[in-house]
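Peer 1: Taking the hints into account, I'd like the entire structure generated from these sequences.
Chains A and B, in that order, give the protein sequences.
Read in order, the letters of the first sequence correspond to residues 2 to 387 in this note's numbering.
Read in order, the letters of the second sequence correspond to residues 2 to 387 in this note's numbering.
Be aware that a few hints might be false.
Which copy is meant is left open, because identical chains are indistinguishable; a pair holds if it fits in one copy or across any two.
Claimed, not checked - Okay, derived cross-link-like pairs now, BS3-like style, lysine-lysine, Cα gap no bigger than 30 Å in a straight line:
1) 260 <-> 29
2) 51 <-> 29
3) 29 <-> 237
4) 260 <-> 51
5) 134 <-> 186
6) 134 <-> 237
7) 237 <-> 309
In case anyone wonders, no lab produced these hints; they're calculated from the structure.
2 protein chains.
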Amino acid sequence: MVVAKASSSPSHPLTNNVFPCSIIDAQKGDPLAFESYWKQMNDECTVVIKGWELMSYYSDLSNMCWFMLPELKDVIERIHHLVGNAVTKDRYIVVGNGSSQLFQASLFALSPLDVPDHPVNVVAAAPYYSEYKNVINILNSRMFQWGDDAAVYDKNEPYIEVVTSPNNPDGTLREPVVNSVAEGKLIHDLAYYWPQFTPITHEADDDVMLFTFSKCTGHAGSRIGWAIVKDIEVAKKMATFVQSSSMGVSKESQTRAAKIIGVVCDGYQNFKSSESELFFEYSKRLVKERWEKFREAVEQSMVFTVTKYPKAYCNFTNEISETYPSFAWLKCEGNEDGHNYLRKLNICSREGERFGADSKFVRVSMLGMDDDFNELVKRLSNVKIE
Amino acid sequence: MVVAKASSSPSHPLTNNVFPCSIIDAQKGDPLAFESYWKQMNDECTVVIKGWELMSYYSDLSNMCWFMLPELKDVIERIHHLVGNAVTKDRYIVVGNGSSQLFQASLFALSPLDVPDHPVNVVAAAPYYSEYKNVINILNSRMFQWGDDAAVYDKNEPYIEVVTSPNNPDGTLREPVVNSVAEGKLIHDLAYYWPQFTPITHEADDDVMLFTFSKCTGHAGSRIGWAIVKDIEVAKKMATFVQSSSMGVSKESQTRAAKIIGVVCDGYQNFKSSESELFFEYSKRLVKERWEKFREAVEQSMVFTVTKYPKAYCNFTNEISETYPSFAWLKCEGNEDGHNYLRKLNICSREGERFGADSKFVRVSMLGMDDDFNELVKRLSNVKIE
Numbered sequence: 002m003v004v005a006k007a008s009s010s011p012s013h014p015l016t017n018n019v020f021p022c023s024i025i026d027a028q029k030g031d032p033l034a035f036e037s038y039w040k041q042m043n044d045e046c047t048v049v050i051k052g053w054e055l056m057s058y059y060s061d062l063s064n065m066c067w068f069m070l071p072e073l074k075d076v077i078e079r080i081h082h083l084v085g086n087a088v089t090k091d092r093y094i095v096v097g098n099g100s101s102q103l104f105q106a107s108l109f110a111l112s113p114l115d116v117p118d119h120p121v122n123v124v125a126a127a128p129y130y131s132e133y134k135n136v137i138n139i140l141n142s143r144m145f146q147w148g149d150d151a152a153v154y155d156k157n158e159p160y161i162e163v164v165t166s167p168n169n170p171d172g173t174l175r176e177p178v179v180n181s182v183a184e185g186k187l188i189h190d191l192a193y194y195w196p197q198f199t200p201i202t203h204e205a206d207d208d209v210m211l212f213t214f215s216k217c218t219g220h221a222g223s224r225i226g227w228a229i230v231k232d233i234e235v236a237k238k239m240a241t242f243v244q245s246s247s248m249g250v251s252k253e254s255q256t257r258a259a260k261i262i263g264v265v266c267d268g269y270q271n272f273k274s275s276e277s278e279l280f281f282e283y284s285k286r287l288v289k290e291r292w293e294k295f296r297e298a299v300e301q302s303m304v305f306t307v308t309k310y311p312k313a314y315c316n317f318t319n320e321i322s323e324t325y326p327s328f329a330w331l332k333c334e335g336n337e338d339g340h341n342y343l344r345k346l347n348i349c350s351r352e353g354e355r356f357g358a359d360s361k362f363v364r365v366s367m368l369g370m371d372d373d374f375n376e377l378v379k380r381l382s383n384v385k386i387e
Numbered sequence: 002m003v004v005a006k007a008s009s010s011p012s013h014p015l016t017n018n019v020f021p022c023s024i025i026d027a028q029k030g031d032p033l034a035f036e037s038y039w040k041q042m043n044d045e046c047t048v049v050i051k052g053w054e055l056m057s058y059y060s061d062l063s064n065m066c067w068f069m070l071p072e073l074k075d076v077i078e079r080i081h082h083l084v085g086n087a088v089t090k091d092r093y094i095v096v097g098n099g100s101s102q103l104f105q106a107s108l109f110a111l112s113p114l115d116v117p118d119h120p121v122n123v124v125a126a127a128p129y130y131s132e133y134k135n136v137i138n139i140l141n142s143r144m145f146q147w148g149d150d151a152a153v154y155d156k157n158e159p160y161i162e163v164v165t166s167p168n169n170p171d172g173t174l175r176e177p178v179v180n181s182v183a184e185g186k187l188i189h190d191l192a193y194y195w196p197q198f199t200p201i202t203h204e205a206d207d208d209v210m211l212f213t214f215s216k217c218t219g220h221a222g223s224r225i226g227w228a229i230v231k232d233i234e235v236a237k238k239m240a241t242f243v244q245s246s247s248m249g250v251s252k253e254s255q256t257r258a259a260k261i262i263g264v265v266c267d268g269y270q271n272f273k274s275s276e277s278e279l280f281f282e283y284s285k286r287l288v289k290e291r292w293e294k295f296r297e298a299v300e301q302s303m304v305f306t307v308t309k310y311p312k313a314y315c316n317f318t319n320e321i322s323e324t325y326p327s328f329a330w331l332k333c334e335g336n337e338d339g340h341n342y343l344r345k346l347n348i349c350s351r352e353g354e355r356f357g358a359d360s361k362f363v364r365v366s367m368l369g370m371d372d373d374f375n376e377l378v379k380r381l382s383n384v385k386i387e
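Peer 2: Laid out in structure tokens, this is it:
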């Protein structure tokens, strides 16, 4: 994929003879790094679906989320119980086409219906996940509108605050920040609250919590997200939204997610000091090793800086550990624009402005394929202040 | 599923000793009738997906619909070419989570962006598919609003007309009906324009055409729909909508749809007077036989009437044939409410009012499981005017 060849490319801030002509796409959040784990699993995670199976729209007529396969619901409860990252007892689970759809569904469910001329403001502390704004703007709804940075929200109007923890793009652990007397509701986007990315310090028990298969195990192509919801009326509205938007969720993906999450759980349950590494151990080791290499390269370059995360005791791994986010949030020291700087190195990153931050900042994916990641580190370690 | 047992149920308009206590759900549009075809196919349609496969968000970076698997695009083009029901040459294909999501995506793509205070009116000739209204109302958008019956639309304001042909609920073949000087755009919902339901009289070549795997082969649980679009800018906006709403479409479902549609096409391509029936022959025979039984029962009862469809030459089957819709649109003669009448027979139907029609009308699914359908016919044939 990445072929580093000498070329007659124009001058750029590389200090040795590596003149790569290939572009590294570190802009996207495709979690391909975990593919290697699933490759060594042989047939354990294989799903086989016959032509006549899974044909109906319906999965479980006894559940208000009638399109959710019971076996998926079971493994979702099981993995949260195993990891200890979220309460599921006496909570309602709604499955969606990725957590993107459930984000919309939760906005729909939490927005007041009776004040059509006053859309509720949806806010998130900057830097915030770049897609929240796009999703809200594309819907152009009378019920909600993008309200920008939660940290400076001072309107005396109802709001919904999105709390992303660990945060995308910067990996920080978050709490609500709005300081307003107005009525506020919360959506917790906990996509990255898994032990490979951050210590599991508590069992989250928020009103609306969003999770996704994409970040839990790396299966982004399946488009499976789930919400854990306290209030049944909110859960029902969310299920209605998914019903109206897409008449449910792919059963093939649900079956596969149930299988793979089940295999992860089985691994821990049947663990008898086997030689093979379990999923969260493998993925944590991988992300940690990448971060160590990456930090070293960045520090060596002195062009960029990257946040240092506090350590905490992880209830799941029973050890003290740092946060190792799925993305690096780089700050370009000096006056240069971070995105432009990386462009000169043929590294494609996502601009800070898209996250409500300064152009000095850029987001770079830590979970690309090995070749891409190694080349990224190589290029970063070779840059010097001009 | 359906157990017809004598019971001490209260009086109702049955004339013999059948007192069924079970409820037949003929309300939903679950196309389970075709399951029998796929059951006899053995492993030909089976998909096997390994744990490490299909992990990326991305399918084809060279396509503006980057989340669509190239093999799905290929079979979509292939089946339309085979059946001759829609032009795909020089058209853009966008895949979605069912045609429901693509319906929303097309509204988004066709609505003018620059007149936020004047949402475009979305209309469809009554009786119209009951979900259009729900989908539009749930979004509560500034860009579009539900404008009701297209036949009486007389506002001098921009509109989008949804042309559903064959129509859901009544199976009629439709053309646009709005008679207005205002600027209008069209969405053609051709979910049922397949040879098992209606003669293929022409290759449809409309601006935005929606199709779905659910109705083509009966695989509703997969949530795969596709749009065939003339204008690349409209197609791009639709793809952007699917991206923002759900970050693409399940790859497991796409893989399976590609496999199954491919098998249907292969059957015709490799056909050497084999003894096994091909999919559209099988499904057409099944729907036709059901309609013949159903019509006989309804005519015998004299309580309900059902539309008679004109015959036409089908370019695909090379024979003259009627339309055999996926639903029966029944009119209860006399003054009775059709839905209430069927309720007394423990038949659950969808009320005419939900389709913008009179309460005398009801929609009944023709594609339930064999047992359900046979019991439905049995109950209908036994009713008499009281």
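Peer 1: Next step is simple, just say for each hint if it's right about the structure.
Peer 2: Checked hints:
no.	hint	in the structure
1	260 <-> 29	both (27 Å within a copy, 29 Å between copies)
2	51 <-> 29	between (34 Å within a copy, 24 Å between copies)
3	29 <-> 237	between (33 Å within a copy, 19 Å between copies)
4	260 <-> 51	both (16 Å within a copy, 11 Å between copies)
5	134 <-> 186	both (17 Å within a copy, 28 Å between copies)
6	134 <-> 237	both (25 Å within a copy, 19 Å between copies)
7	237 <-> 309	neither (41 Å within a copy, 40 Å between copies)
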